[in-house]
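Enquirer: Listed below, chain by chain, are the residues.
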Amino acid sequence: MQNSMEESQKFDRRKFLKAAGVAAASLAFSTQSLEALAKEGDLHKLTILHTNDVHSRIEPFPMDGSRNQGLGGVARRAALIKKIREEQKNVLLLDAGDIFQGTPYFNMFNGELEMRMMTDMGYDAATMGNHDFDNGMEGFYKQLPHAKFPILVSNYDFSNTILKSSTQPYKIFKKDGLKIGVFGLGIELAGLVEKKNYGDTIYLDPIKKGNEMAAILKNDYACDLVICLSHLGYNYKESKVSDQVLAKNTRNIDLIIGGHTHTFLDQPEDVKNLDGHITTINQVGWAGINLGRIDYYFEKGSAKKIKAATQYQINNQLSG
Amino acid sequence: MKIVIKLETILVLYLLTILWSCKSHYALVSSDRGKYSIDSQVPVDSSIVKTYWPYKEQMDAKMNQVIGHCAKELTKSYDLPETLLGNFFSDAVLAEGKKIDPSIDFAIPSTKGGMRNSLPKGDIHLSNVFELMPFENEMVVLKLKGSDVEELLNFIARSGGQPVAGLRMTIESQKPVNPLINGQPFDKNRTYLILTSDYVANGGDHVGGFKDPLERRSLGLKIRDALINYIKTTTDAGKDINAELDGRITKI
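These protein sequences, in sequence, are chains E and V.
When we follow the working numbering, the leftmost residue of the first sequence carries the number 200, and every step to the right adds one.
When we follow the working numbering, the leftmost residue of the second sequence carries the number 3, and every step to the right adds one.
Think of the hints as simulated: they come from the structure by calculation, not from any bench.
Where a beta carbon is used, it is the ideal one built from N, C-alpha and C, also for glycine.
Any given hint might turn out to be false.
What follows is a set of in silico ranges between Cβ atoms, one per label pair, in the way DEER data are often shown [claimed, not checked]: (1) V:K123 - E:D419: 30 to 38 Å; (2) E:Y340 - V:S49: 25 to 33 Å; (3) E:Y420 - V:D62: 23 to 31 Å; (4) V:P56 - E:K439: 37 to 45 Å; (5) E:K471 - V:G148: 27 to 35 Å.
Please construct the entire structure, taking both the sequences and the accompanying hints into account.
Expert: Have a look at this one:
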């Protein structure tokens with residue numbers, strides 16, 4: 200199923216790119232020249248690094264012959280992130296939730312180590328996944344002193360819970376003159392998390408909330424890029440809200456960094472949103488097996504601005 | 003003359019600047035995307051290792067103990083109706099459950115998604131069982147009327163099979179065909195005792211049929227502890243942990 204799904208994604212994406220007129224043949228300049236321009240200051244480059252569903256995988260999977268043996272591990276991820284930060288001026292490091300649960304590190308230390316590791320790696324923000332409720336809201340609350348990064352979630356109303364002042368709907372990051380708005384969306388908790396673990400949390404419609412957040416960030420705060428950290432899941436057979444449904448039914452979201460379904464996308468997927476603009480979805484499996492990276496190039500005050508809002512050059516490879 | 007043109011240009015630029023200042027100052031012109039595989043090629047940040055080392059030592063002291071031996075790797079799949087891991091998991095939990103309550107008819111101790119990791123071939127460390135079943139879910143037995151059992155069987159078929167023990171069925175067009183419970187054809191007119199987890203019984207993973215049980219009792223044992231007991235008992239009897247596909251759920 201996984202393979203055929205990925206095949207159909209590739210096909211859809213090709214079709215879409217054609218429709219949007221972003222054919223590779225029409226590229227005005229090569230990636231190399233963009234790099235050069237970025238260094239000269241005409242272009243501003245932003246590097247997004249991301250993970251999802253790390254599930255307490257502190258060490259690599261053990262070498263026991265299983266499918267994922269030897270993969271992942273925070274010490275390697277940290278070294279890689281450090282290296283990228285040395286090379287790139289503007290880096291945002293984000294996580295799409297399910298930080299907790301999956302190895303005995305969580306059973307024994309209740310998420311303290313996961314939060315400390317993410318703090319040490321310099322995570323800029325994360326959202327909450329359903330398993331981040333596994334020790335109840337009190338359990339999550341207790342670990343927040345170890346998390347020196349904001350927890351972004353806009354569609355859980357925590358007013359009547361212990362988490363009422365612990366999260367925020369969005370955060371605006373300023374990097375080299377660029378304004379990047381990041382907000383979070385969580386999955387419906389009923390039927391997934393035991394009632395006692397989410398208590399009086401009120402789940403709000405992610406499409407409605409997503410549109411509201413993205414409009415605030417893009418229009419009111421004039422963000423150059425709007426990112427949604429989503430734990431909704433990539434897609435479902437049944438008609439359930441997912442990142443694909445979110446992308447198609449919203450405006451103003453440039454990038455959805457997804458989680459929950461542990462989907463290994465071959466490459467990010469570009470979906471046409473309500474305005475006919477590109478909303479990109481990405482998800483990099485789980486357990487820290489991969490680190491996702493998207494580099495965005497912005498041109499300052501360019502006349503191409505209006506055009507660029509509907510189409511921009513996309514390369515599915517990194518240039519460094 | 004030349005100066006006038008320049009002034010006009012400046013004015014136009016000034017107006018454009020005002021217009022721009024209302025919205026974003028930057029236009030997105032390009033993006034490059036990729037991902038890194040975090041494997042042994044990536045160097046290690048030793049300061050991070052230093053931070054987690056004390057936790058690791060404490061964890062290993064408890065979790066590295068070998069509690070059994072697996073004859074082969076027991077894997078799971080979302081796409082297959084029956085898996086080695088699912089059969090091991092449900093048979094083990096049912097066997098431990100029946101030690102407490104022999105009248106249990108069948109078990110669905112977890113959903114496919116609730117089994118979180120495979121069991122490797124070779125030594126089974128305590129950590130393997132924690133990774134397979136990290137949740138603190140407890141075993142419960144529910145007495146269901148026939149119509150609710152039918153709803154549960156429909157759920158199992160609709161979702162393409164789930165880990166079960168004491169139950170056999172064929173799935174055709176997402177519907178159960180000839181379900182057998184304890185070797186007997188399913189009888190809608192009687193009640194059944196079903197072993198599951200408190201999580202599933204409370205509506206977790208949207209499993210059907212458990213909303214309105216006639217009775218519910220807790221067995222006072224965590225699912226994970228049942229698995230550990232089963233592995234230890236098997237090991238004490240001088241046997242390996244193993245599982246076979248026996249066609250308990252097939253799809254046509």
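Enquirer: All the hints need checking, so say for each whether the structure fits it.
Expert: Tested hints:
1. For the hinted restraint 30 to 38 Å between K123 of chain V and D419 of chain E, the CB-CB distance of approximately 57 Å leaves it violated.
2. In this structure, Y340 of chain E and S49 of chain V meet the distance hint of 25 to 33 Å, their C-beta atoms being roughly 28 Å apart.
3. Checked against the hint of 23 to 31 Å, the pair Y420 of chain E and D62 of chain V fails, with Cβ atoms roughly 48 Å apart.
4. Range check, P56 of chain V to K439 of chain E: Cβ separation about 42 Å, and the 37 to 45 Å hint holds.
5. Roughly 49 Å separates the CB atoms of K471 of chain E and G148 of chain V, a value that falls outside the hinted 27 to 35 Å.
Checked against the numbered hints given earlier, this structure breaks hints 1, 3, 5; the rest are met.
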